[in-house]
Amino acid sequence: MTSLGAPATSFRRRAMPPDLAPERPLAWPQRTAITLANGLEVVLAESRAFPKISAQLYFRSGNAVVAHSAPGLAEMTASVVRTGTLSRSNRQIEEDLRRMGAGLGSSSGADSSAISASGLAEFSSPILELIADLARNASFPESEFERERRQRFEELKIDRTTPGFLASERLRRVLFGEHPYAILAPTEAQVAAFRREQLVEFYREHYVPAGSLLLVVGDFSTDHMIDQVKIVFGSWTASKPPLPMSPAPPHPSGRRVYLVGMPGTVQTDVVVGNLGITRRDPDWYRLTLANSIYGGAFYSRLVLNIREQKGYTYSPGSSVSALRQHGYFTVHAAVRNDVVAATVNEIFYEMDRMRSLRVTPDELDSARNYLTGVFSLGVATQHGLLGQLSTVYLDQLPEDYLETFRQRIRALTADDVMAAARRYFDSANAQIVVVGDPAEIADQAALFGPLTQYDAAGNIVA
Amino acid sequence: MVLSLARTFHIPVEHTTLANGLRVVASPDRSAPFVTVGVYYQIGFRLEPPGRSGFAHLFEHMMFQGSENAGKMEHIRLVNSSGGLLNGTTNYDITNYFESVPSNALERVLWLEADRMRALKVDEENLRNQRDVVKEEVRVNVLNQPYGGFPWLDLPPVAFRNWPNAHNFYGDFADLDAATLADVQQFFRTYYAPNNAVLLMLGDLEPAEAFAFARRYFEDIPAQPLVPRADVTESAQTEERRGEVPEKLGPLPAIAVGYTMPKRGTADWYAAAILDRVLHGGRAGRVYRKLVLEEQIAVDVDGNAELLDTNGPTQMVTRIFHKPEFTSEGTVAVFDEVIEELQRKGTTQDELADVKMKFRSDYYSMLEGGSMPRFGLMHYLACFTLFDADPNRINTILDGFLGVTADQIQSAARNYLVSRNRAVLVRRPVNLGRVP
Chain H
1 MTSLGAPATS
11 FRRRAMPPDL
21 APERPLAWPQ
31 RTAITLANGL
41 EVVLAESRAF
51 PKISAQLYFR
61 SGNAVVAHSA
71 PGLAEMTASV
81 VRTGTLSRSN
91 RQIEEDLRRM
101 GAGLGSSSGA
111 DSSAISASGL
121 AEFSSPILEL
131 IADLARNASF
141 PESEFERERR
151 QRFEELKIDR
161 TTPGFLASER
171 LRRVLFGEHP
181 YAILAPTEAQ
191 VAAFRREQLV
201 EFYREHYVPA
211 GSLLLVVGDF
221 STDHMIDQVK
231 IVFGSWTASK
241 PPLPMSPAPP
251 HPSGRRVYLV
261 GMPGTVQTDV
271 VVGNLGITRR
281 DPDWYRLTLA
291 NSIYGGAFYS
301 RLVLNIREQK
311 GYTYSPGSSV
321 SALRQHGYFT
331 VHAAVRNDVV
341 AATVNEIFYE
351 MDRMRSLRVT
361 PDELDSARNY
371 LTGVFSLGVA
381 TQHGLLGQLS
391 TVYLDQLPED
401 YLETFRQRIR
411 ALTADDVMAA
421 ARRYFDSANA
431 QIVVVGDPAE
441 IADQAALFGP
451 LTQYDAAGNI
461 VA
Chain F
1 MVLSLARTFH
11 IPVEHTTLAN
21 GLRVVASPDR
31 SAPFVTVGVY
41 YQIGFRLEPP
51 GRSGFAHLFE
61 HMMFQGSENA
71 GKMEHIRLVN
81 SSGGLLNGTT
91 NYDITNYFES
101 VPSNALERVL
111 WLEADRMRAL
121 KVDEENLRNQ
131 RDVVKEEVRV
141 NVLNQPYGGF
151 PWLDLPPVAF
161 RNWPNAHNFY
171 GDFADLDAAT
181 LADVQQFFRT
191 YYAPNNAVLL
201 MLGDLEPAEA
211 FAFARRYFED
221 IPAQPLVPRA
231 DVTESAQTEE
241 RRGEVPEKLG
251 PLPAIAVGYT
261 MPKRGTADWY
271 AAAILDRVLH
281 GGRAGRVYRK
291 LVLEEQIAVD
301 VDGNAELLDT
311 NGPTQMVTRI
321 FHKPEFTSEG
331 TVAVFDEVIE
341 ELQRKGTTQD
351 ELADVKMKFR
361 SDYYSMLEGG
371 SMPRFGLMHY
381 LACFTLFDAD
391 PNRINTILDG
401 FLGVTADQIQ
411 SAARNYLVSR
421 NRAVLVRRPV
431 NLGRVP
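Same order as they appear, the protein sequences are chains H and F. For the first sequence, the numbering used here gives the first residue as 1, with consecutive numbering after it. For the second sequence, the numbering used here gives the first residue as 1, with consecutive numbering after it.
Honestly, the hints are just simulated from the structure, not real lab data. Incorrect hints may appear among the rest.
To be verified - Straight-line distance between alpha carbons at most 30 Å, and here's what the computed DSS-like set of lysine-lysine pairs gives:
#1 F:Lys248 with F:Lys345
#2 F:Lys248 with H:Lys157
#3 F:Lys290 with F:Lys263
#4 F:Lys290 with F:Lys345
#5 F:Lys323 with F:Lys263
#6 F:Lys323 with H:Lys157
#7 H:Lys230 with H:Lys240
#8 F:Lys121 with F:Lys72
#9 F:Lys323 with F:Lys248
#10 H:Lys310 with F:Lys323
#11 H:Lys310 with F:Lys121
#12 F:Lys323 with F:Lys290
#13 H:Lys310 with F:Lys248
#14 H:Lys157 with F:Lys290
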C-alpha cells in the first residue's frame with residue numbers, strides 16, 4: 001500500500017510550515033439601505049450560495065427600558081408575540097413556518113427586541129408577511145401568555161442552578177449598579193406579577209416601524225426584494241417611542257469579591273470584569289486587539305497559561321461586550337475548586353503583564369491576522385453576514401465599517417495594545433465574582449479584596 | 001414539484017484515493033475567499049478499546065499537543081495567526097479535526113494536518129496537562145451543570161448492553177488517570193492511519209491544485225494494517241428498559257425516551273428520519289404540540305435522531321422537561337398517546353409535505369454552516385465517504401428522504417416505536433420542589 005515512489009525526503013519532510021499564499025480579495029456584498037416612508041430602515045444584501053433567505057426585524061427597545069418598572073417584560077413580550085395574531089393561531093403560525101421550511105425566533109436583549117425568520121428562498125414573500133403579521137397584529141392570547149409565563153418561571157428556576165448564569169448575573173449587578181444593564185433576568189416573583197395588558201402596552205409602544213431596522217439577506221435579487229419589502233411593510237405606521245435616560249453606572253474603586261454560594265459543587269466559575277466601552281468608541285479597535293492577545297482567541301496568553309501550562313480549566317477566555325450605552329470587559333474560567341486563588345492570580349498577572357510590557361511583534365501580527373480573518377468569515381454564510389450587518393446597523397456604525405475593519409486593525413501597534421490594556425484592563429479596580437462551594441473557596445476568594453457572599457437567589461448571606 | 005426543486009441545487013464534489021489509502025474529497029465554491037479543511041478518522045468513543053472509557057476523547061486533545069514539526073500550541077498558533085478558527089470533536093464513530101481559514105492558508109493547513117497524521121510528538125507533561133483539562137471539561141459540561149450529560153451520557157447505559165454502545169463516553173476519571181503515553185502512541189498507530197481517514201477541502205480552491213497539495217503532504221504517510229472494527233451489534237431487545245439518575249442541580253424532572261433506529265441506508269432508515277421530524281420538528285412537531293402547547297405538562301420538549309453521522313446502533317431520543325406537579329409516569333403516558341395516534345392514523349399528506357419542506361431547508365442550513373462556513377457540508381461528506389463510500393450522496397440523499405411515503409412512516413412508527421425497542425431514562429431532581 002505504501003507509496004515507495006515518494007518524492008525526495010528533503011522535500012516531503014518539510015520542517016517548516018508553508019508561507020501563506022497571496023491573499024485573495026475579499027468583497028463584502030453590496031448593501032442596499034433604504035428608509036421607507038414610515039421610518040423603517042431596510043438593509044438588503046444578496047448571499048446566493050444556498051437557496052435560503054434570512055430576515056431580522058429589530059426594534060430598538062429591550063429589557064433596559066423597562067428594567068425599573070418590570071424587569072424582563074420585553075423578553076416576556078417577545079416570547080408571546082409569536083403565539084398568535086388577529087388572523088393566525090399559535091398552531092397556524094407554527095404550521096405556516098414549517099410549510100415554508102422556516103424557523104422563527106422572537107427575543108429581547110438589553111437594547112433591542114427582534115423577530116427573525118429564516119427559510120427557503122422560494123417563500124421569501126410569505127416569510128416576510130409572517131414577520132410583518134407578528135410585528136403588527138400580535139393578539140397576545142391570554143392562554144398563551146399564561147403558558148409562556150409559567151415556562152419562563154420554570155426556566156428561571158433552572159437558571160438559578162446554573163453556575164454560568166449566576167456569575168453573569170452577579171457581575172452585571174456589580175458593574176452596572178443602578179443602570180438598567182445591571183438586571184440580567186427578572187425574579188420569579190416579578191414574572192408572576194406580569195399582566196397581559198403590560199405586554200400589549202409594551203408591544204404597542206415599541207413594536208413600531210419608525211426607527212426600527214429590517215435586515216434581509218439571502219438568495220434573491222435586490223430589486224425584486226425591495227419591491228416585496230415595500231409591499232409587505234409599507235403600509236405600517238406608528239410613531240417612535242421616547243427612550244428614557246439612564247443613570248450612569250458606578251466606577252467601583254478597589255477590588256471587591258462577590259461569592260455566590262452553591263454548596264457541594266465540584267467546580268468554581270470565576271469571572272473578573274471591568275466596565276468597558278461601546279463599539280462607537282474610537283478605542284474599540286485597540287481594545288478588541290488587546291483582548292484577542294489577552295484571552296479572546298484560543299492562541300492567547302490566558303489560554304496558554306491557565307489551560308495549556310497549568311491545566312486549571314477547559315475553556316478560559318476573555319471578551320469585550322458592547323451594549324448600546326456602555327460596554328464591559330470580562331475574563332472567565334471554570335476551574336477546579338483548589339485552584340481558585342491561583343487562577344485569579346494568573347488572571348491579574350496576565351492583565352498586568354499587558355499593562356507593563358509591549359506585546360511582541362509576532363503576537364501583534366498573529367492577533368491582527370486572527371481578528372481580520374475571523375471577522376471576515378462572516379461573509380461566507382447568511383448567518384455570518386446577518387450578524388455583521390446587525391452590528392453595523394444596530395449600533396449605527398459607519399457604512400464602510402465592514403470594508404475598513406481590516407485596515408484599521410492592521411494599522412494598530414504594540415503601543416496601541418498597551419494603551420488599551422492600561423486603560424481597560426483595570427486590574428486594581430476589577431470586580432471578582434466566584435460561584436461555587438463557600439466552604440471550599442471563600443478563603444481563597446477573600447485574598448483578593450473585601451468579600452460579600454450571596455445565595456443563588458441573590459440574597460446577601462455573609 | 002418538491003423533488004425537482006431539490007435537484008436544481010447541486011454541490012460540486014471531486015474525490016480520489018491516495019496510494020496510502022487516504023480518501024480525499026474536494027468541493028470548490030469560489031463565492032468567498034475561505035476554505036474549510038477537515039480530517040476525519042474512523043475512530044470514535046463508541047469504538048475505543050474496552051476498559052478505556054474516555055480514551056478516544058482524551059486522545060483527541062493530544063492531537064493538539066504537538067506533532068513532528070509543529071510543537072505544542074504551534075498548530076493553534078499557525079491556524080489562528082492565519083486568520084482562522086479550528087477545533088476537533090469526538091463522536092460515536094468518528095473523530096474530526098477542522099479549520100476554517102482564509103483561502104491563502106490552504107497549503108499551510110494541509111501541512112499541519114499531514115504533520116500530525118504522520119507523527120505525534122507528545123510527552124508525559126502534555127498528557128498530565130490534558131488529563132487535567134479534560135476533567136475540567138467533564139465538570140463544566142456534565143458534573144457542574146444542571147442536566148449535564150442528559151441524556152447523551154445517561155441513556156446509552158440504559159438502552160444498550162454491548163460495551164461500545166453502553167459505556168461512559170466522556171470517561172471515568174479512573175480510566176483517564178490510567179492512560180499512559182504508550183497507550184497514546186499505540187492508539188495513534190492503530191487508528192490515525194491515512195487508510196482510516198478522509199481529508200476534506202471545501203471552498204475557495206481549485207480541486208486540481210488542492211489534490212496536488214494533498215499528494216505532496218499526505219501521500220507518503222505510511223498506511224497501517226487496520227484492526228477489525230469493534231463489534232457494535234446489540235443483541236435483540238425483548239422488553240422496555242428503564243433507568244433513573246439523580247439530578248443534583250436542576251429543579252425539574254427530565255425524561256429521555258429513546259427508540260433504536262433502523263440500520264443505516266435502509267428504506268426504513270429514510271422513513272425514520274422523516275418520522276423523527278413529524279414528532280420533533282420544532283413547535284409544530286407532534287410531541288411539542290401535545291406536551292407543551294396542548295396538555296401543558298412539559299416546559300420544554302425536543303428530540304432528534306442522529307442518523308446521518310452515526311454508523312451503528314442509534315436512537316431517536318425525545319427529551320422532556322416536565323412541571324413538578326406531574327408525575328414522570330403520567331408524562332410518559334401522554335407521550336405514548338402521541339406515538340399511538342401516529343401508529344393508528346399515520347400522517348396527513350399536508351403534514352408530510354410540510355415536514356419534508358422543513359427537512360430540505362434544514363439540510364441546506366446544515367451544509368452552509370454557521371460560525372464555521374460549510375461545517376455541515378464537511379461533516380456529511382466525511383460520513384458519506386467513510387460510512388457509505390460515496391461522497392456524491394451529498395447530492396442524492398435528499399431524494400431518499402423526500403421520497404418517503406405516508407405508508408412508510410406509519411409502518412416505521414408501528415415497527416420501531418414500540419416498547420420492546422425503547423429505553424426510558426428519568427433524571428429525578430434531588431431538590432425537587434425546593435427553590436434554593
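* Asked: Which earlier hints can't be squared with this structure?
  -> 1, 5, 10
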